[in-house]
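A.B. asks: Listed here are the chains, written in short residue letters.
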Amino acid sequence: MTERGRKALLLAPAGIWLLVMLALPLLVVFVFSFGERGAAGGYVPAFTLEQYANLPARWTAFKNTLILAPLGTIAALVIAYPLAYFLAVRCSPKWRTSLLILVIVPFWTSILIRSYAWIFILGGRGLPALLESIGIDDIRLINTPLAVLVGIVYGYLPLMVFPIFVSLDKLDKRLLEASADLGSTPWRTFRQVTLPLSVPGIATGCMLVFILLMGEFLIPAILGGGKVFFVGNALVDLFLQSRNWAYGSAVAMTLVVVMLVTVSIYMKFISRLGGQREDVSLM
Amino acid sequence: MRLYAICVYLFLYIPIGIIALFSFNAGRHASQFMGFSTQWYGKALNNPFVMDALETSLLAAFITACLASTLGTMAAIALQGVKGWLRTLFDAMIYIAIMIPGIVIGIATLIALVTVFGWLNPLLASLWPDGANPPQLSMGMPTLVAAHTMFTMALVIIIVRARLSGMDRALMEASADLFATPWGTFRQVTLPLIAPAILAGFLLSFTFSFDDFIIAFFVAGSETTLPIYIFSSIRRGVTPEINAIGTMVMGASLLLLVAAQLLLRRGASKSNN
Chain G
0 MTERGRKALL LAPAGIWLLV MLALPLLVVF VFSFGERGAA GGYVPAFTLE
50 QYANLPARWT AFKNTLILAP LGTIAALVIA YPLAYFLAVR CSPKWRTSLL
100 ILVIVPFWTS ILIRSYAWIF ILGGRGLPAL LESIGIDDIR LINTPLAVLV
150 GIVYGYLPLM VFPIFVSLDK LDKRLLEASA DLGSTPWRTF RQVTLPLSVP
200 GIATGCMLVF ILLMGEFLIP AILGGGKVFF VGNALVDLFL QSRNWAYGSA
250 VAMTLVVVML VTVSIYMKFI SRLGGQREDV SLM
Chain Z
0 MRLYAICVYL FLYIPIGIIA LFSFNAGRHA SQFMGFSTQW YGKALNNPFV
50 MDALETSLLA AFITACLAST LGTMAAIALQ GVKGWLRTLF DAMIYIAIMI
100 PGIVIGIATL IALVTVFGWL NPLLASLWPD GANPPQLSMG MPTLVAAHTM
150 FTMALVIIIV RARLSGMDRA LMEASADLFA TPWGTFRQVT LPLIAPAILA
200 GFLLSFTFSF DDFIIAFFVA GSETTLPIYI FSSIRRGVTP EINAIGTMVM
250 GASLLLLVAA QLLLRRGASK SNN
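Chains G and Z are the protein sequences, given in the same order.
Quick note: the first sequence uses numbering that gives the first Met the number 0, first residue 0, plus one each step.
Quick note: the second sequence uses numbering that gives the first Met the number 0, first residue 0, plus one each step.
Just to be clear, a hint being listed does not mean it is correct.
Stated by the list, open to error - Think about it this way: if two alpha-carbon atoms lie no more than 30 Å apart in a straight line, the pair counts; the simulated DSBU-like pairs of lysine-lysine are:
hint	chain 1	residue 1	chain 2	residue 2
1	G	K267	G	K62
2	Z	K82	G	K6
3	G	K267	Z	K82
4	G	K172	G	K267
5	G	K93	G	K6
6	G	K172	G	K62
Rather than coming from a laboratory, the hints here were simulated on the basis of the structure.
The structure presented is a predicted model; accordingly, all values stated were derived computationally and were not measured.
Throw the hints in and build the complete structure from the sequences for me.
C.D. replies: As structure tokens, this is what we get:
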């Protein structure tokens with residue numbers, strides 16, 4: 000058999016699989032988003048922009064997603080950065096690997112069960128009961144945006160810590176010493192040396208978390224109790240309850256487009272930041 | 000600084016710890032710990048719904064992991080040195096598979112397959128001889144495995160490709176110069192070197208498929224996987240039984256992860272020597 004033939008044979012199953020199970024379904028969503036809803040649900044072929052015109056009906060879901068996804072990303076960044084810094088710069092190498100693994104392990108266990116744990120903590124008989132015993136009454140935590148935010152940060156923190164750790168770990172520690180030798184205060188060293196050099200890690204972490212948050216369904220479903228819902232929850236509702244495939248497809252397409260646009264704007268912004276840093280280092 | 004780190008670790012592990020602790024609660028109530036008992040583990044393991052869901056999840060995860068690691072490895076090997084449109088197409092599809100939210104993949108797969116089955120079923124019926132029962136295509140285990148395999152195969156391709164690119168190509172060339180057949184080179188040189196990556200890919204695929212809720216929710220049809228069972232139980236309220244199931248699931252994924260990590264690391268140190 001020729002080299003070409005062998006390669007084709009090896010590639011064919013994966014290629015066909017990806018085409019049938021990924022490209023075809025996404026194409027179907029694209030086509031259906033221009034269709035109409037059947038009388039009994041489902042889809043009737045048509046070419047109309049009606050579904051897209053109806054998008055404002057689901058504005059709340061988009062609004063929640065577009066507020067809580069960036070907010071959750073920033074909150075995760077704020078909590079993750081000091082930990083990544085500690086692991087990469089301050090922590091003794093003896094402990095580093097074990098501590099790092101301890102951060103990553105939760106991410107690979109079921110997010111369903113980890114979110115469920117917060118029902119326990121934030122629910123009526125958890126934290127609110129504890130607060131009541133010290134005199135703070137009438138705190139509702141579960142089914143609020145705050146609960147969803149806590150769930151988000153909890154769920155995606157490991158994903159934020161890891162890339163920042165990698166970029167801080169690669170950083171040449173002699174730069175920090177040089178900066179200190181030249182009379183910089185620790186804070187100034189951090190602001191002018193450490194922070195700029197960890198921008199790639201911050202960028203990667205934020206992007207990973209943001210992308211996952213845009214399509215989130217489970218955390219709002221479990222901790223938002225139908226009061227705080229994302230586009231993902233709207234999609235489940237549209238496809239499984241009201242069986243409005245055409246409109247659901249339009250919502251899904253919009254979600255993907257919004258996600259791609261936000262991410263590409265963000266990448267441009269980050270590469271501009273990176274570009275500036277390059278200029279400085281050239282001097 | 001150290002205090003801060005401890006606080007973050009507490010934040011990460013207290014919720015998991017609470018679940019594990021309350022799974023051993025002797026009492027029914029979620030809020031009070033009434034003493035140690037393993038009764039909920041017994042209840043969970045004797046619940047036929049739980050065991051059915053567990054069986055479905057394990058079967059789907061196992062088939063998914065086998066398919067994904069085999070097909071993904073084949074593709075990763077063949078993609079070496081491939082350029083042009085074919086490379087672009089594969090890279091684009093892998094990128095899209097990872098980028099697109101699971102929920103969009105889930106609904107897209109659902110409506111695409113339901114539509115295709117809607118066309119195929121009458122066709123199959125007309126092709127089948129009279130009197131015989133024509134097969135009915137519907138959502139279920141095969142579609143669940145197909146959807147999970149799509150995503151995890153993309154992961155395996157990335158993992159194995161990274162391993163291959165870190166490998167010394169001279170080894171393969173030397174093998175070819177010494178008149179090994181391509182199959183011989185693969186079996187005796189390439190495979191042993193990438194085996195840890197393939198195994199890690201297998202374990203990650205298994206864990207993903209076993210833990211996945213959102214894609215399964217749409218494409219599993221009438222099958223109930225363990226995450227689907229847990230999700231619907233959570234909606235009915237917190238029970239010690241779910242705590243026990245959750246603790247077992249987390250323990251099992253932890254074991255698999257540790258195994259995957261060890262394999263990846265062993266592979267890395269082997270190739271460095």
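A.B. asks: Below or equal to 30 Å on CA atoms is what counts here, so check K172 of chain G against K267 of chain G.
C.D. replies: Holds. K172 of chain G to K267 of chain G sits at ~29 Å (cutoff 30 Å).
A.B. asks: Given the hinted pair K93 of chain G and K6 of chain G, is their Cα-Cα distance within 30 Å?
C.D. replies: violated, 45 Å
A.B. asks: For a C-alpha distance cap of 30 Å, please report whether K267 of chain G and K62 of chain G respect it.
C.D. replies: holds, 23 Å
A.B. asks: Take a quick look at whether K82 of chain Z and K6 of chain G sit within 30 Å of each other, Cα to Cα.
C.D. replies: holds, 12 Å
A.B. asks: Could you grab the alpha-carbon distance between K172 of chain G and K62 of chain G and see if it respects the 30 Å cut-off?
C.D. replies: Violated, because 43 Å separates the two Cα atoms, which is more than 30 Å.
A.B. asks: Do the alpha carbons of K267 of chain G and K82 of chain Z lie within 30 Å of each other, as the hint requires?
C.D. replies: holds, 27 Å
Checked against the numbered hints listed earlier, the structure breaks hints 5 and 6; every other hint is satisfied.
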